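My request is simple: use the sequences and hints to build the entire structure.
2 protein chains.
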Amino acid sequence: MPNPTAAMLVIGDEILSGRTRDSNMHFLAGELAKAGIDLLEVRVVSDKPQTITDAVNALRAAHDYVFTSGGIGPTHDDITADAIAAAFGVAIGVREDARALLAAHYERSGQALNAARLRMARIPEGAGLIDNPVSAAPGFTLGNVHVMAGVPSVFQTMVASVLPTLTGGAPLLNQSLRINRGEGDIAGPLAMLAERFPDLSVGCYPFQQNGAYGANVVIRGTDAQEVEAACAALAEEFADDIS
Amino acid sequence: MPNPTAAMLVIGDEILSGRTRDSNMHFLAGELAKAGIDLLEVRVVSDKPQTITDAVNALRAAHDYVFTSGGIGPTHDDITADAIAAAFGVAIGVREDARALLAAHYERSGQALNAARLRMARIPEGAGLIDNPVSAAPGFTLGNVHVMAGVPSVFQTMVASVLPTLTGGAPLLNQSLRINRGEGDIAGPLAMLAERFPDLSVGCYPFQQNGAYGANVVIRGTDAQEVEAACAALAEEFADDIS
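Residue numbers (our numbering), protein chains in the order written: chain A, 81 to 323; chain B, 81 to 323.
No wet-lab data here; the hints were simulated from the structure.
Possibly wrong hints are sitting among the right ones.
One copy or two, it doesn't matter: identical chains are merged, so the pair holds either way.
Derived lysine to any residue pairs resembling SDA-like cross-links, with alpha carbons at most 20 Å apart [stated by the list, open to error]:
#, residue 1, residue 2
1, Lys128, Asp144
2, Lys114, Asn254
3, Lys128, Ser281
4, Lys128, Ser241
5, Lys128, Ala138
6, Lys114, Gly249
7, Lys114, Gly190
8, Lys114, Pro213
9, Lys128, Val298
10, Lys114, Thr237
11, Lys128, Pro82
Given the structure is predicted, the values throughout are model-derived calculations rather than measurements.
Dropping the structure here:
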């Protein structure tokens, strides 16, 4: 059975303007690979309601799971929750359980639960909350869409709460081989290897070190024996070029 | 006149599988902001011909410029050039000027221009070449699509050759203000500021330091006087909370 597929939607002008370097994509990609969920697409879009709504609708129709990051804070440009509600055609408003989480958090920290902060308790109808042990304001799950914060520490704890609730597949295994030959010398044998093992993915990542050419070949797949066999075949072929 | 818009397409299973952390997106975002070109969307897709073709066609129809990274090397999974040719409905084959660049490069480095390396001279009909002073294999421009390598050092030199040939707009300027208040206390005044300066983008990036809450507010826009005025208004409002 093929693994379930996923897409990620990163929401934030700060990434597109070059101010912030996104780190959530790389984190999520690694976690999904371990969970046996194939991340097939990532989109980064700006803080525009219709843009977010359209992207969510395209991605949730095409994939088993969608993960979003960003745009659920207290400021005027935090419009993700509204855009998701619009995508599903459901109402949105302050929810009592979310308000209670925020009230308790701000009471502990001695800050006011003002109108701006209360926006973070606005949850689309029918959604389940995603726990936020870092700063209380919850994420939420609606259908197959998991809506999480953009702040990396919060994003990571939210991913950690969500992943165990999902049905994964076979984790992606990988083995690497460092070959001291130019990528162009490896490419021919790699193509034949890829043909012989159609279920594996064979990647080649060239480098240059002290003037010498080399490449790291990464063989990925879900069947440990196949990955092992392909790696052994390659190691034999380039026996003289492996240090 | 509004700035021209752009999209980026990152091609590579190695990013979606979590093996590699992409750095080209952040680099390009910063360069485009300086050039006055608004990056509105980034997509990361896997090494599948139809997926790349569909994404290129969607993005080139919606934006003034499209920039791609990845998938133009010598290995079997380097299929970007073919996918772009398919997107434009044009033929693709080894081109003499591209072959000559590669032949000279491999002669200098004492490596063979074998069949795998010759794949890098396959250029869609009607495309212009993008210079690659690092490793010779050229990128290319077809219509409004600029096809570049995924290796960051090569990607960066290609962006440097392409950008001066494009018509940009007003560069995006920004000013930051560090405010020692929780994001939720700043959000109300920020919303009013954003309403007063509709042409500016106002972002708020919270942090926590030594147990105290604060946020960096970034005001972005193309009009220096407006950016300055908005920043001054905000600084006055939070005069007691700026260190």
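So, going through the hints one by one against the coordinates:
In this assembly of identical chains, Lys128 and Asp144 lie within 20 Å of each other by CA distance solely across copies; the values are 19 Å between and 24 Å within a copy. When the C-alpha separation of Lys114 and Asn254 is checked against a cutoff of 20 Å, the pair qualifies only within one copy, where the shortest distance is 11 Å, while the shortest distance between copies is 39 Å. Proximity of Lys128 to Ser281 under the C-alpha cut-off of 20 Å is restricted to the inter-copy arrangement: shortest distance 12 Å between copies versus 36 Å within a copy. In the homo-oligomer, the alpha carbons of Lys128 and Ser241 never lie at most 20 Å apart, since the shortest distance is 28 Å inside one protomer and 32 Å across protomers.
Proximity of Lys128 to Ala138 under the C-alpha cut-off of 20 Å is found in both arrangements, the shortest distances being 16 Å within a copy and 18 Å between copies. In this assembly of identical chains, Lys114 and Gly249 lie within 20 Å of each other by CA distance solely inside one copy; the values are 9 Å within and 44 Å between copies. Proximity of Lys114 and Gly190 under a CA criterion of 20 Å is satisfied in neither setting, with 40 Å inside one chain copy and 42 Å between copies. Neither within a single protomer nor between protomers do Lys114 and Pro213 lie at most 20 Å apart by alpha-carbon distance, with minima of 23 Å and 38 Å respectively.
In this assembly of identical chains, the alpha carbons of Lys128 and Val298 lie at most 20 Å apart only when taken from different copies (18 Å versus 38 Å within one copy). With identical chains, the CA atoms of Lys114 and Thr237 are at most 20 Å apart within one copy only, with a shortest distance of 16 Å there and 35 Å across copies. Only between protomers do Lys128 and Pro82 lie at most 20 Å apart by alpha-carbon distance; the minimum there is 17 Å, versus 35 Å within a single protomer.
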